[in-house]
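Number of protein chains: 2
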Amino acid sequence: MTAQATKPTHPLLDQHAGVLDEIRQALAERSWFSRYPESPSPRVYGETAAADGLAAYEAHLNRPYAAELASGVTGTFVGSEVSPYGPTLGVSYPALDLDAALAAARAAVPAWRDAGPQVRAAVCVEIVDAINRRSFEVANAVMHTSGQPFVMSFQAGGPHAQERALEAVAAGLVEQERVPASVVWEKPGKDREGKPAPIRMQKDYRIVPRGVSLVIGCNTFPTWNAYPGIFASLVTGNPVVIKPHPRAVLPLAITVEAARGVLAAAGFDPALVQLAAEVDGQGLARTLAERDEVAIIDYTGGPAFGGWLEERGAALGKLVYTEKAGLNTVVVDSTDDLKGLLGNLAFSLTLYSGQMCTAPQNIYVPTGGVDTDEGHLSFDEFGERLGSAVSRLTGDDAKAVELLGATVNDQVRANAESLEAMAAEAEGRVLLQSRRIAHPVYAEAVVRAPGLVAVDVQREDVYTQECFGPVGFLIQTASTEQSLAQLADTVKEHGGMTASVYSTSEEVLEGAREAAATGGVALSENLTGQIFVNQTAAFSDFHGTGANPAANAAYTDSAFVANRFRVITARRHI
Amino acid sequence: MTAQATKPTHPLLDQHAGVLDEIRQALAERSWFSRYPESPSPRVYGETAAADGLAAYEAHLNRPYAAELASGVTGTFVGSEVSPYGPTLGVSYPALDLDAALAAARAAVPAWRDAGPQVRAAVCVEIVDAINRRSFEVANAVMHTSGQPFVMSFQAGGPHAQERALEAVAAGLVEQERVPASVVWEKPGKDREGKPAPIRMQKDYRIVPRGVSLVIGCNTFPTWNAYPGIFASLVTGNPVVIKPHPRAVLPLAITVEAARGVLAAAGFDPALVQLAAEVDGQGLARTLAERDEVAIIDYTGGPAFGGWLEERGAALGKLVYTEKAGLNTVVVDSTDDLKGLLGNLAFSLTLYSGQMCTAPQNIYVPTGGVDTDEGHLSFDEFGERLGSAVSRLTGDDAKAVELLGATVNDQVRANAESLEAMAAEAEGRVLLQSRRIAHPVYAEAVVRAPGLVAVDVQREDVYTQECFGPVGFLIQTASTEQSLAQLADTVKEHGGMTASVYSTSEEVLEGAREAAATGGVALSENLTGQIFVNQTAAFSDFHGTGANPAANAAYTDSAFVANRFRVITARRHI
Chain A
1 MTAQATKPTH PLLDQHAGVL DEIRQALAER SWFSRYPESP SPRVYGETAA
51 ADGLAAYEAH LNRPYAAELA SGVTGTFVGS EVSPYGPTLG VSYPALDLDA
101 ALAAARAAVP AWRDAGPQVR AAVCVEIVDA INRRSFEVAN AVMHTSGQPF
151 VMSFQAGGPH AQERALEAVA AGLVEQERVP ASVVWEKPGK DREGKPAPIR
201 MQKDYRIVPR GVSLVIGCNT FPTWNAYPGI FASLVTGNPV VIKPHPRAVL
251 PLAITVEAAR GVLAAAGFDP ALVQLAAEVD GQGLARTLAE RDEVAIIDYT
301 GGPAFGGWLE ERGAALGKLV YTEKAGLNTV VVDSTDDLKG LLGNLAFSLT
351 LYSGQMCTAP QNIYVPTGGV DTDEGHLSFD EFGERLGSAV SRLTGDDAKA
401 VELLGATVND QVRANAESLE AMAAEAEGRV LLQSRRIAHP VYAEAVVRAP
451 GLVAVDVQRE DVYTQECFGP VGFLIQTAST EQSLAQLADT VKEHGGMTAS
501 VYSTSEEVLE GAREAAATGG VALSENLTGQ IFVNQTAAFS DFHGTGANPA
551 ANAAYTDSAF VANRFRVITA RRHI
Chain B
1 MTAQATKPTH PLLDQHAGVL DEIRQALAER SWFSRYPESP SPRVYGETAA
51 ADGLAAYEAH LNRPYAAELA SGVTGTFVGS EVSPYGPTLG VSYPALDLDA
101 ALAAARAAVP AWRDAGPQVR AAVCVEIVDA INRRSFEVAN AVMHTSGQPF
151 VMSFQAGGPH AQERALEAVA AGLVEQERVP ASVVWEKPGK DREGKPAPIR
201 MQKDYRIVPR GVSLVIGCNT FPTWNAYPGI FASLVTGNPV VIKPHPRAVL
251 PLAITVEAAR GVLAAAGFDP ALVQLAAEVD GQGLARTLAE RDEVAIIDYT
301 GGPAFGGWLE ERGAALGKLV YTEKAGLNTV VVDSTDDLKG LLGNLAFSLT
351 LYSGQMCTAP QNIYVPTGGV DTDEGHLSFD EFGERLGSAV SRLTGDDAKA
401 VELLGATVND QVRANAESLE AMAAEAEGRV LLQSRRIAHP VYAEAVVRAP
451 GLVAVDVQRE DVYTQECFGP VGFLIQTAST EQSLAQLADT VKEHGGMTAS
501 VYSTSEEVLE GAREAAATGG VALSENLTGQ IFVNQTAAFS DFHGTGANPA
551 ANAAYTDSAF VANRFRVITA RRHI
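Going line by line, the protein sequences match chains A and B. Sequential numbering from 1 applies to the first sequence in the UniProt record's numbering. Sequential numbering from 1 applies to the second sequence in the UniProt record's numbering.
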């Protein structure tokens, strides 16, 4: 449907035209698509890739970042990252001169805007490809800022994040291509003698960006959660200022370096992508969010600041996309694969010590227990079996740390230590303590295996707040019917990023779909294999729904991209 | 791209499948499309249509509205409409029982949601068709609430509004169809022996509405400005509560009656469309906007309440689409058709006494004057010629009222009377007084022809506020370059719905396109015939851009519809 007034040209468009077709199609089909292998295997990325990436990471340490990361700086360098595994990173980053940096960002717009959607998309693909080549370097940076275990840092911080970036590029590209560049409008009409005399006009539709896009990163998934906003804004013509979490700067600094390098090589101003580093506690996100130049804000983080951004942003006429916090829910009714259920659920609880925005927290089990292929289990027996599965999965310290990673902050550590207190307060009981695990390499890392607390469904005061980290609640309900009602009600009120259900009954599964639709959360059913509720696949699974308080947007649907640009028409008679 | 799990069926879908194809295509092509003839000619709508419509209108007067307009009422009837032409309408409407009405709206959702986008779209087409059959009745109601002249009431209140409704239906339909109903996702994988063992999942994508949609109507275009929000929400599954302007209820009451009739006949709950009438000054819009049940708000009206809605709505997690106020701008540089220019511009100023949100207000003319096909005109000469054109167009009272209509409120009348005072304050001068015209039929109608005030470009204090009604400013600039800079700057800061330029220079036209893109406003170039800057064509011209403070949305782009529904995924292994 695109009627280009002039055909856009750029060497990168020639090079990546095929990729653009692939990602357009993948987005429309929502089926499986992958451009970047998720395996950190030397057979895939090369024999020296892992060592080279580690060396590149280590070369950043204990010095000012060596490449230019912004287009307006004060000359001061800031940075205070400490690895959750212990070591101080010692990297420092240029502090922004806000006026100069934002002026540079705006000055970079016209050429980028006029390049058109296809050229922008091709340049974005080239940027993501460049980031992909640095996946091992980024993985080490993600590991030592988020505390993720290495393989997860590689996968979620690398290829999976990169594919979320491509997905945003595809969504933004397709959205812009839905508006024709130019049409002839012909309205039938007659002249005074009754002869046909149509009114003809040419109408040109010009896509214009909104303004500077501010992307505010988080500590736990510095790249994965930032890339959709970055690339959705970039492909739609907006310059991007990336304000990383002060404890997770390096992964985004590498990203910014890669992006600026590609932009410059492609003939565009690197000021289109800039890093806004800050001294921890400086409140730079707030300052930037209130700047006139900033028109779009993407945020991942806590609900207090996210709520402020939504309200203040609206008052100032800015677009705000947020992902905040929620109650991820599992409803256990029955199963014909108990081992699969326990293994899958234990893994979901264990991975990165539950420090994923998608990790399960609230597990509803009926008081009458659970029918399984190994016989009927009472509520208590199910709790014991789940606890055992977690203990087995995390029993070997050396292996466990490869799943658990390190705890990212004091709040998570406090949560992990508060199980007895929570159980006492809630008149519940601790089914499984959160075990402290000694990391065989990093002695200072605080590694915690998941703990489980059994509580009664009445104690919403305990389980309807997000308890981030390695804590799960086994919630005793009167029935699966009540479990599903709680799924719907608590997610609708408090938000949720994921939900899952285990049942052999089609009726219960149908009820779970209704409850998920009412709560506004995506549902996974009977996961017993190698797909986990915490994980979503780019191009197919939406991340978040925008239908509950956990997030006002989803990666990546039309609503996430369609408002990042506007269309200005010019019409005239022909 | 739609993979329906089960093919939707409904008699109306069979009936209107062809129309849905037509409007899908028209939206994608953005070329000319019309379903409803704009001419009120008896040859088109039938010999008795005008008389029947008038009779139907008159049957509403001086009594409670005869049909059911809501699904939860108090038993009280409210209404205080007085025609800008003089007569009191005397219609009263049921007051809502908010709890009951909103509960009924929500209860109506599941069946409407589960009917699917295509069935909803077909039902919406049937509703718009039903409204179209009442176009003469609606036209009389629009005329006697807005003060529009009759032909405009018919066209803008009838077929043109109806086509904006269809456009919203098309946009919402297409947007939902972009999400497949169900896909099989297959990730390549190998088992332990290295044999291919893909992971296969079925993913079902369910479209869910957001919640109750509140549409807040305005006094001047009760149907035209309300229909896009109403139908965008309805086609995406949301029930709609329509809160009309207390002085322009009847056109929307007729709309609601038509919609509820079609919904009931189609087997759906009429509670999906309800009228929320109020006592003037009751503040029902504010009350409704803060209700938990309300998830979407569409608003046309003044900037103060619009700004409150945007901020408060964001704080409460609601979507808010607003159209407020702005400075519509004309830049005059040169022309090769002076008569055409003067005729077109005079008409744009005259139509409905400038009480269109799209009517020109600020006309920039360089101090050096204007080159034309009739020779060079000085600034003063151009002003005289424009004044004469307006005077000629409005010189015959009986003909003039058919263009001007009646002034809608005291503010407009005050503006029309303040030309001398404004000129004095601004050290400018009145080029043309706003002439009071006696209406040959309605003696009480206050009819005003446009007036013109010449001011210097420095006096932004005077011309950068919206002066709604029959007042134009001829603004003397140093050069066309300055005119274009003012276009960009004032619209960017204060908003604008329309802009137009007259020039024989391609360079100036290109500069105007840049200025319009910078200001974020659509541009019409060299309109000298039967297309006017105030008018936009559904399916082709966007109304508003969402890129300046006048409106945060446009009729109708993806951004206007894409967030009115959300997608809930359910996935499972197969």
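Treat the hints loosely; a few may be bogus.
For the chain B half of the interface with chain A, some residues (derived, Cβ under 8 Å), not all of them [as the list claims (entries may be wrong)]: (1) S31; (2) W32; (3) V183; (4) V208; (5) A314; (6) M422; (7) V430; (8) Q433; (9) S524.
Hints are computed from structural coordinates only; laboratory data are not their basis. No experiment lies behind these values; they were computed from the predicted model shown. We treat Cβ as the ideally placed atom computed from N, Cα and C, and that holds for glycine.
Okay, the hints, checked on the actual structure:
1. Because the closest C-beta pair between S31(B) and chain A is about 5 Å apart, less than 8 Å, the hint holds.
2. Proximity of W32(B) to chain A holds as hinted, the smallest CB-CB distance being about 5 Å (cut-off 8 Å).
3. The closest approach between the C-beta of V183(B) and any C-beta of chain A is roughly 5 Å, which is under the 8 Å cut-off, so the hint is satisfied.
4. Of the supplied interface hints, the one on V208(B) holds, with its beta-carbon coming within about 5 Å of a beta-carbon of chain A, less than 8 Å.
5. At a threshold of 8 Å, the smallest CB-CB gap from A314(B) to chain A is about 3 Å, leaving the interface hint in force.
6. Look at M422(B): its Cβ only gets to about 29 Å from chain A, farther than 8 Å, so that hint breaks.
7. Below 8 Å, beta-carbon pairs count as interface contacts, and V430(B) has none with chain A, the closest being about 33 Å; its hint is therefore violated.
8. Interface restraint check: Q433(B) against chain A, minimum CB-CB distance 33 Å, threshold 8 Å, status violated.
9. A least Cβ separation of about 6 Å between S524(B) and chain A falls short of the 8 Å threshold, and the interface hint therefore holds.
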